[in-house]
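Please arrange chain B on chain A, whose structure you already have, making use of the hints.
Read top to bottom, the protein sequences are chains A and B.
The working numbering numbers the first residue of the first sequence as 2 and each following residue consecutively.
The working numbering numbers the first residue of the second sequence as 2 and each following residue consecutively.
It is possible that part of the hints are untrue.
The list treats identical chains as interchangeable, and a pair is accepted whether it falls inside one copy or across any two copies.
Listed below are the simulated BS3-like cross-link pairs for lysine-lysine, each with C-alpha atoms no more than 27 Å apart in a straight line [as the list claims (entries may be wrong)]:
| # | residue 1 | residue 2 |
| --- | --- | --- |
| 1 | 310 | 5 |
| 2 | 135 | 5 |
| 3 | 340 | 161 |
| 4 | 347 | 392 |
Note that these hints are calculated values from the structure, not bench results.
2 protein chains.
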Amino acid sequence: MELKFANRVSNVKASEIRELLKLTQQPEIISFAGGLPAPELFPKEKLKIIFDKVMEESGSVALQYTTTEGYLPLREIIAEQRMKPSGINCTAENIMITNGSQQGLEFSARLFVNEGDVIICESPSYLGAINAFKIYGPKFVEIPMDDNGMIVEELEKALKKYPETKMIYTIPDFQNPSGKTMNLERRKRIAELASQYKIPVIEDSPYGELRFEGEKLPCIQSFDTEGYVITLGTFSKTFCPGLRIGWVCANPEIVQKYVLVKQGADLQSGTINQMVAAKFMQEYNLDDHIDKIIDVYKKRRDLMLDSIKKYFPEGIKVTYPEGGLFTWVELREDIDARKVNMEALKEKVAVVPGGSFFPNGGKENYFRLNYSNMSEDKIVEGIKRLGNVLKKYY
Amino acid sequence: MELKFANRVSNVKASEIRELLKLTQQPEIISFAGGLPAPELFPKEKLKIIFDKVMEESGSVALQYTTTEGYLPLREIIAEQRMKPSGINCTAENIMITNGSQQGLEFSARLFVNEGDVIICESPSYLGAINAFKIYGPKFVEIPMDDNGMIVEELEKALKKYPETKMIYTIPDFQNPSGKTMNLERRKRIAELASQYKIPVIEDSPYGELRFEGEKLPCIQSFDTEGYVITLGTFSKTFCPGLRIGWVCANPEIVQKYVLVKQGADLQSGTINQMVAAKFMQEYNLDDHIDKIIDVYKKRRDLMLDSIKKYFPEGIKVTYPEGGLFTWVELREDIDARKVNMEALKEKVAVVPGGSFFPNGGKENYFRLNYSNMSEDKIVEGIKRLGNVLKKYY
Numbered sequence: 002m003e004l005k006f007a008n009r010v011s012n013v014k015a016s017e018i019r020e021l022l023k024l025t026q027q028p029e030i031i032s033f034a035g036g037l038p039a040p041e042l043f044p045k046e047k048l049k050i051i052f053d054k055v056m057e058e059s060g061s062v063a064l065q066y067t068t069t070e071g072y073l074p075l076r077e078i079i080a081e082q083r084m085k086p087s088g089i090n091c092t093a094e095n096i097m098i099t100n101g102s103q104q105g106l107e108f109s110a111r112l113f114v115n116e117g118d119v120i121i122c123e124s125p126s127y128l129g130a131i132n133a134f135k136i137y138g139p140k141f142v143e144i145p146m147d148d149n150g151m152i153v154e155e156l157e158k159a160l161k162k163y164p165e166t167k168m169i170y171t172i173p174d175f176q177n178p179s180g181k182t183m184n185l186e187r188r189k190r191i192a193e194l195a196s197q198y199k200i201p202v203i204e205d206s207p208y209g210e211l212r213f214e215g216e217k218l219p220c221i222q223s224f225d226t227e228g229y230v231i232t233l234g235t236f237s238k239t240f241c242p243g244l245r246i247g248w249v250c251a252n253p254e255i256v257q258k259y260v261l262v263k264q265g266a267d268l269q270s271g272t273i274n275q276m277v278a279a280k281f282m283q284e285y286n287l288d289d290h291i292d293k294i295i296d297v298y299k300k301r302r303d304l305m306l307d308s309i310k311k312y313f314p315e316g317i318k319v320t321y322p323e324g325g326l327f328t329w330v331e332l333r334e335d336i337d338a339r340k341v342n343m344e345a346l347k348e349k350v351a352v353v354p355g356g357s358f359f360p361n362g363g364k365e366n367y368f369r370l371n372y373s374n375m376s377e378d379k380i381v382e383g384i385k386r387l388g389n390v391l392k393k394y395y
Numbered sequence: 002m003e004l005k006f007a008n009r010v011s012n013v014k015a016s017e018i019r020e021l022l023k024l025t026q027q028p029e030i031i032s033f034a035g036g037l038p039a040p041e042l043f044p045k046e047k048l049k050i051i052f053d054k055v056m057e058e059s060g061s062v063a064l065q066y067t068t069t070e071g072y073l074p075l076r077e078i079i080a081e082q083r084m085k086p087s088g089i090n091c092t093a094e095n096i097m098i099t100n101g102s103q104q105g106l107e108f109s110a111r112l113f114v115n116e117g118d119v120i121i122c123e124s125p126s127y128l129g130a131i132n133a134f135k136i137y138g139p140k141f142v143e144i145p146m147d148d149n150g151m152i153v154e155e156l157e158k159a160l161k162k163y164p165e166t167k168m169i170y171t172i173p174d175f176q177n178p179s180g181k182t183m184n185l186e187r188r189k190r191i192a193e194l195a196s197q198y199k200i201p202v203i204e205d206s207p208y209g210e211l212r213f214e215g216e217k218l219p220c221i222q223s224f225d226t227e228g229y230v231i232t233l234g235t236f237s238k239t240f241c242p243g244l245r246i247g248w249v250c251a252n253p254e255i256v257q258k259y260v261l262v263k264q265g266a267d268l269q270s271g272t273i274n275q276m277v278a279a280k281f282m283q284e285y286n287l288d289d290h291i292d293k294i295i296d297v298y299k300k301r302r303d304l305m306l307d308s309i310k311k312y313f314p315e316g317i318k319v320t321y322p323e324g325g326l327f328t329w330v331e332l333r334e335d336i337d338a339r340k341v342n343m344e345a346l347k348e349k350v351a352v353v354p355g356g357s358f359f360p361n362g363g364k365e366n367y368f369r370l371n372y373s374n375m376s377e378d379k380i381v382e383g384i385k386r387l388g389n390v391l392k393k394y395y
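Bound-form chain A, shown alone (with noise of 0.2 Å):
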């Protein structure tokens, strides 16, 4: 067999992630290489009395086609309990179901991004998104954080160097990898920035509701006037993956071009996940149920960055989240992560390196650790076998 593939084909490579998740998937291995939520946090005892009253009061609803702007009542619900809080005056006609934020990345990049244009984001960036860009061909211009975040003065010379620029790409709440989030001043700037330039923002925002402390921002989203953000959103992190229910929060209009891509991806978003997930809301306090999400987490990000203070060895730099999933590690510029990795997996630890996260490459000591997904011992017993391979750098 002799296939000829596109050649958008080509700019793509397995996600790095995804690869290990396999290799991690063994039950001795202890992973901060994921971005799993906690499964035992999970609401299965109500889920399950909620797919029980789905199947009960609207089987047949549940199980047919529905409109690809998906669920009427979950849109309303988004729109009314979870956008609304994060200062975006918004109704169901904003709101489209996508299957996980990861969709609304990927729609985003097919929707704005000609081969060859280029794609705005932080330095580093998430690693899926970046995947899902690059089957478009774009070129990326990556803008360095401080601890607020992008510096929207690098921004903004980015923007007046590239005038191909087609969508700038943030996450500002608790960035994946760094963990970092980008503050108030540096939101009203981007919305204005958007404006001024008239292009796209995509705000991804899959863990701003998971604060462990401090004050909540509002979305960049919240500050524009003109329609240029548009916000993506999920439960996967607040509630479970496993239901694949994001959203994008847009202008209408904006929102409209998204259904006709995704008539043309998948017809719609399953139909009773959309029901259960709608039906849950209204029966219980989704707030209610991330608070203690928090809790936990909170608990182990406290742990472990107790735990690489103990056990890693000096002159190292770890972030501190406020919140999310996630911290970032810098090691020595010239350690390699991936050999530190390669190590860490022979002690049945497991990290990712920071490489991919970098769109145009290059940086190779940085390493990201998960927190949310392993229990309090596996934290400390995790760390303190990394430590012990990271001393021999030191």
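Okay, now just chain B, sitting in the frame of chain A:
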């Protein structure tokens, strides 16, 4: 707001069917427009039990992320129960789960088609596929059909004439929209031509298991010795569409390319949906369920064709489909089916005008009728009203 979209966006327009479906959701409309299965046949009670069991026995797994390829037991069951009886000797490694077969269609064009490449398809062809392909800017070459499906001599001529062909798309069983079925010899010949010209065949098979009479024909892939034929399957018509479970069945090397694309597109299909489908097929016999669907649809087909004979004016050609969901009506060349549909809508009956099923346009004297979704009395009444509309033209 003035946003610049990517060039590919201008290739796509809203699906006429999905837009029509919104209209036809009014309960007083007799709709022959959609391709919806009969909801009264969904195995609701059994599925309610299965959802319950899956949540009870493995809720944490069902709500968590899973692999991009899909839930392994489901892939095994699909290979064993659905593909082997169609003559395809395969295992789980030949199967990747998709969100309905629509996602498989879109992924296929993404994998194989550059802008300006040729896709060869039947004339007419499924408009959801045409729309999914269009975003990649192909040229379509339409191959005429007779009562035995795509005319393979014409296919071969096209393959010689268009060396830039990158994909052959066909629906061999009870084709959408024509209702026609490709005979055995042609299936063999298409597999040979694929190898000879080294061009993938996308064999779309959503209806193959819904045969009312006559002998089941093996899939085109069953005659493929080299791996050029990719078969798309789905549970949307034989089980229920609301779970959004379809699959790609192909050579494992090709499946891995689809996996790469799915990683970027949406990571994976819903975990619980896949586990529920697998469990259902472990505990119940899907073939028994399909037999029930066949009984009902066969009656509805017979009734629709009888009513057409009774109420339509003479001189209108109608396909006799041996299975599936649709029949296809050919009007006199000077009659525009869009006008007929507008007049029918005034009488509260909806059909799909056939123009959109011809990717290069130009043929407006056809419409598609669906008989799976309306009750018997509505079929008779709807065809009667449609006949009255048509009588004005004859």
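### Message
Within a copy, between copies, both or neither: which one fits residue 340 and residue 161 at a CA-CA cutoff of 27 Å?
### Response
neither (39 Å within a copy, 52 Å between copies)
#### Entry: Alpha-carbon proximity context of residue 310 and residue 5, limit 27 Å
Neither: 52 Å inside a chain and 48 Å across chains, both beyond 27 Å.
### 27 Å Cα threshold - placement of residue 5 relative to residue 135
Cα proximity of residue 135 and residue 5: in one copy and across copies (19 Å, 19 Å).
### Query
For the identical chains here, do residue 347 and residue 392 meet the 27 Å Cα criterion within one copy, between copies, both, or neither?
within (15 Å within a copy, 79 Å between copies)
Hints 1, 3 from the list above are not met by this structure, while the remaining hints are.
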